[in-house]
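> Put together the whole structure using the sequences plus the hints.
Position 241 of the sequence shown, counted from 1, bears residue number 240 in numbering that gives the first Met the number 0, the numbering being contiguous throughout.
Since the hints were derived computationally from the structure, they do not count as laboratory data. Virtual Cβ for every residue (Gly too), placed ideally from N, Cα, C. Only true hints are included.
Using C-beta positions, here's what the derived DEER-type ranges look like:
no., residue 1, residue 2, range
1, Ala193, Leu239, 38 to 48 angstroms
2, His76, Ile144, 17 to 27 angstroms
3, Gly78, Arg121, 53 to 63 angstroms
4, Gly225, Leu200, 32 to 42 angstroms
5, Trp16, Thr262, 42 to 52 angstroms
6, Val75, Ile40, 40 to 50 angstroms
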Amino acid sequence: MGRMPSEVMQHELDLMWQSIFTWASWVIVSLMLAIAFRMCIQQRTPFYLLACLAAGVAAFAEPLYDVAFDLWFYDVHNGESGAMFSHFTAFGVVQPNWTHSGYIILYASACLYAGRRLYEGRLRRKHLFLIWGAEIITSCVFEVIGTGTNVYTYYGPYELRIWNYPLVIGVLEGTQVVLFTVLAVQLWRRVSTAWGLVGLLAVFPVTMFGANFGIGAPLIIALHLGEDEFSGGLVWAATLLTIVLCVLAVNGASKFMPRPVGTSEPDGVAAPRKDTVVAT
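Shown next as structure tokens:
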């Protein structure tokens with residue numbers, strides 16, 4: 000199961016929606032980068048821009064995700080291939096240039112709106128779950144549009160779809176955002192120089208593939224079982240198990256949230272001094 004049908008490969012790409020996805024996403028990213036740059040200047044840290052850069056660079060590894068989760072970007076128009084605004088192809092899957100803007104929007108936004116408060120220890124577990132829920136909704140809105148307007152598809156035998164979009168994918172993406180944001184902020188708390196934050200380029204793929212290939216492993220395996228072993232019931236079970244594991248992962252991440260300003264961390268790392276906190 001999970002092998003790409005020929006009708007998926009030959010499916011027509013909606014050129015209008017491709018243009019909307021491309022230009023709208025890069026406009027949003029431009030606004031995000033402008034906001035991130037201003038925050039970096041005001042708070043004297045490159046954290047926000049590097050978080051966006053980490054997400055954007057990691058999109059070059061998108062083909063690995065595509066193969067694991069049966070994602071296909073449509074590339075045919077009027078029977079001819081090459082319709083997608085693409086910059087490379089890997090594993091036979093064409094890669095649109097808006098994967099980079101999409102990664103920045105979906106995965107780096109929480110660092111902008113919650114990163115500083117998390118850094119200062121002003122968030123609690125309930126706030127982390129609120130961020131998780133908000134990111135799941137954002138992911139679903141973004142991807143439901145893409146899968147519902149003939150831009151791309153998850154062609155595998157998924158259960159629990161919303162307008163062709165597997166809900167479990169949104170849950171995994173929201174979980175990845177939480178894990179990346181918490182680990183990124185913990186790195187921020189621990190480095191002594193701005194150069195240390197370049198490590199965010201490694202943090203992102205660790206959480207990206209740890210969440211999707213680790214937590215999502217039951218789903219990936221269930222989708223790709225041999226014909227004799229495959230069943231929709233197993234996909235349902237793997238889907239529900241994956242969602243439960245995501246809940247546990249977010250709850251676990253809440254245990255690693257920084258403590259409030261002036262409170263020592265369990266591992267002895269110094270908390271930010273009150274006179275170094277920038278009002279936001």
